[in-house]
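*Asks:* Build the full structure now, drawing on both the sequences and the hints.
Protein chains in written order, with my numbering: chain S, 181 to 494; chain W, 17 to 310.
Source of the hints: derived by calculation from the structure; they are not laboratory data.
Do not rely on the hints blindly, as some may be mistaken.
Covered stretches of chain W (in silico footprint by chain S; criterion: 3 or more residues with CB under 8 Å from a CB of chain S, positions within the stretch not fixed) [unchecked claim]:
1. 102 to 114
2. 118 to 126
3. 242 to 252
4. 279 to 285
5. 291 to 297
Note that beta-carbon positions come from the ideal geometry of N, C-alpha and C, so glycine has one too.
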Amino acid sequence: MICALKRPLIYYLLIFLCFIPTPYLAPAGITAFIILMIMYMVMSESWNLLGGYLGDLSFGHAVFFGIGAYTVALLEHYGISNIQPFNILLAGISSMGLAALIGYPFLRLKGFYFAIGTLGLSEIFRLLFRNSDITLGPKGIMVPVPLPYTIYPYFYGILGIAIGSIFIIYLIENSKLGLAFLSIKDDIDAARMVGVRTTAYRILGFSLSAFFVGIVGGFFAYFNSYVHPDGVFSMLISFELILMVYFGGVGTFLGPLLGAAVVLFAEELGRVLIQQGYLLLLSIMLILTFVFMPSGVIGIFTRRESLINPFKRS
Amino acid sequence: MMTTLLQLALNGVLEGAVYGLLALGLTLVFGVMRIMNISHGDFGIFGAYISYWFLVKFGVDPFISLTIIVPLLFLLGLLVQRVLISPAISDPSLQVQASVMITWGLALLISNGEIILWSPDYRSIIVPYSYVSFYLSGIVINLPRVLVLLSAVLITGFYVLFLRTKVGKAISACTQDREAAVLMGVNFNKLAGITFGISTATAAISGMLFALTHTLYPALGFQLNLKALTVMVFGGIGSMSGALIGGLVLGMAESIVSFFIGATYKDLVSFLLLVAILLTKPTGIRGKEFFLPR
Numbered sequence: 181m182i183c184a185l186k187r188p189l190i191y192y193l194l195i196f197l198c199f200i201p202t203p204y205l206a207p208a209g210i211t212a213f214i215i216l217m218i219m220y221m222v223m224s225e226s227w228n229l230l231g232g233y234l235g236d237l238s239f240g241h242a243v244f245f246g247i248g249a250y251t252v253a254l255l256e257h258y259g260i261s262n263i264q265p266f267n268i269l270l271a272g273i274s275s276m277g278l279a280a281l282i283g284y285p286f287l288r289l290k291g292f293y294f295a296i297g298t299l300g301l302s303e304i305f306r307l308l309f310r311n312s313d314i315t316l317g318p319k320g321i322m323v324p325v326p327l328p329y330t331i332y333p334y335f336y337g338i339l340g341i342a343i344g345s346i347f348i349i350y351l352i353e354n355s356k357l358g359l360a361f362l363s364i365k366d367d368i369d370a371a372r373m374v375g376v377r378t379t380a381y382r383i384l385g386f387s388l389s390a391f392f393v394g395i396v397g398g399f400f401a402y403f404n405s406y407v408h409p410d411g412v413f414s415m416l417i418s419f420e421l422i423l424m425v426y427f428g429g430v431g432t433f434l435g436p437l438l439g440a441a442v443v444l445f446a447e448e449l450g451r452v453l454i455q456q457g458y459l460l461l462l463s464i465m466l467i468l469t470f471v472f473m474p475s476g477v478i479g480i481f482t483r484r485e486s487l488i489n490p491f492k493r494s
Numbered sequence: 017m018m019t020t021l022l023q024l025a026l027n028g029v030l031e032g033a034v035y036g037l038l039a040l041g042l043t044l045v046f047g048v049m050r051i052m053n054i055s056h057g058d059f060g061i062f063g064a065y066i067s068y069w070f071l072v073k074f075g076v077d078p079f080i081s082l083t084i085i086v087p088l089l090f091l092l093g094l095l096v097q098r099v100l101i102s103p104a105i106s107d108p109s110l111q112v113q114a115s116v117m118i119t120w121g122l123a124l125l126i127s128n129g130e131i132i133l134w135s136p137d138y139r140s141i142i143v144p145y146s147y148v149s150f151y152l153s154g155i156v157i158n159l160p161r162v163l164v165l166l167s168a169v170l171i172t173g174f175y176v177l178f179l180r181t182k183v184g185k186a187i188s189a190c191t192q193d194r195e196a197a198v199l200m201g202v203n204f205n206k207l208a209g210i211t212f213g214i215s216t217a218t219a220a221i222s223g224m225l226f227a228l229t230h231t232l233y234p235a236l237g238f239q240l241n242l243k244a245l246t247v248m249v250f251g252g253i254g255s256m257s258g259a260l261i262g263g264l265v266l267g268m269a270e271s272i273v274s275f276f277i278g279a280t281y282k283d284l285v286s287f288l289l290l291v292a293i294l295l296t297k298p299t300g301i302r303g304k305e306f307f308l309p310r
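*Replies:* This is the structure:
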């Protein structure tokens, strides 16, 4: 436990401590941007748990974000429960349940097939939620805002979620479980040979990753106070997560945090500079990342091959 | 009832021809380079936008402007493969994520470039024969759709002939066994560039054909690409006949579902088909064992 408290963790705690006075110092717009940034930090870190440590490239993490958001929205809409922390937790659990359910059939696929399968999955969920009457279809669901409205509960809520979940992810990555994940990534057959229960661990990793994304999705439903299938199941979310992780450095702890900040900033910059085609900047960034620095920004600084072979499964 | 079914089947075939054509280019690239091209549909829509531009600016018929678009997109594909994809996939352990993400980046680059150049408005390619239709004992046949089908058949024929040339044989050889082909003196890098060029050129043709019968907007490329991916997986990755059969199956399934269940579920069909085939038979209907995931 003590030896797990290494330097990256201290950096990360420092980053989040710096965030604490934000809503008192910054204007509301910037605070909202930082909330979004912290959300993406949690999500990219949990994508990294799956993609960087376990080596399963999911192109459909928007599914879990959307399921989390819709869990909260439906609970609130039908008046089942309006205790916010409980609803957010339930959002995480429902995402985790879904991941465990689809994990078994999907994790038999590897590489390209897993990638396209998950890509198709997020579109399936988007279209299902768009066409279902229970979810109010393309109208979307309004989530009530507690009055009087201030940004403080949202900010400290997501900060608490982020500190907690990223700490848990760090512990997972540096525990025996994390070693099992890494062994599966490096060589699944060898891992099975030495007694790692590969299928169980892959499903576990998939569900854990989905859990944190679901929690953030649940928070997003409250923060945005409106949930729309095209918005929360958007493939853009999956795309951003992958870009963040690879830009920062896949398989590293600080990489996704850095990536989330930079990518989100670039996206906002694009929105200001080129407006309608704002994703142009991100796409160029992505292409350059993969052509010039496949091990990410962290990989450049550490000057060693970071854990860059998520698909080496020969 | 019989007429309705016939009409649905015909619509499905006419629609599916384009899907099959798109998947043909996709499967060719996968066969040679083992990369999943997410930007395929966007290259197609880019071609369609250029032909739209030719039509609006100079009044050139889309079929005539193809003579310019095809070489142009071939060169573009060659360039993209040389400059971006080839260096990124040089590390074989990175091949999956690098190829998927780079082509995804390209897809976004192209579609957002289109938004900037042509604005995200819906556009249609309207030619004098756009609204000409025949009536055959109750079945309506739209002339542009027939032209689409004819062109698709023609291009497939061209593919079959092309595979008998020296370059085509090299492509087949690389698809079957890359190392053996390279040992026999195939210049792999050159061949990969040519393959990518041919693939984007056919994508442009199929994009133009699709735009002839549908409205055109920048986000269409990604949608088309997902359908082409479905068709490719359904037919079996790397199999040309599978791609064509898959295209027809998807086209028919879409037209039948949109008639009997509702047009909103039309797009759902392709994704359900994709997931179903992945979970039950990932090799697809005509796939070979050696394309199994590793």
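*Asks:* For the segment 102 to 114 of chain W, do three or more residues have a beta carbon lying closer than 8 Å to a beta carbon of chain S?
*Replies:* holds (count 9)
*Asks:* Please verify the coverage claim for the segment 242 to 252 of chain W: does it have three or more residues whose C-beta sits within 8 Å of some C-beta in chain S?
*Replies:* Coverage by chain S holds for the segment 242 to 252 of chain W (4 residues, Cβ < 8 Å).
*Asks:* For the segment 291 to 297 of chain W, does the count of residues with a C-beta closer than 8 Å to a C-beta of chain S reach 3?
*Replies:* holds (count 3)
*Asks:* Do three or more residues from the segment 118 to 126 of chain W put their C-beta atoms closer than 8 Å to C-beta atoms of chain S?
*Replies:* holds (count 7)
*Asks:* For the segment 279 to 285 of chain W, do at least 3 residues have a Cβ located nearer than 8 Å to some Cβ of chain S?
*Replies:* holds (count 4)
The structure shown violates none of the earlier numbered hints.
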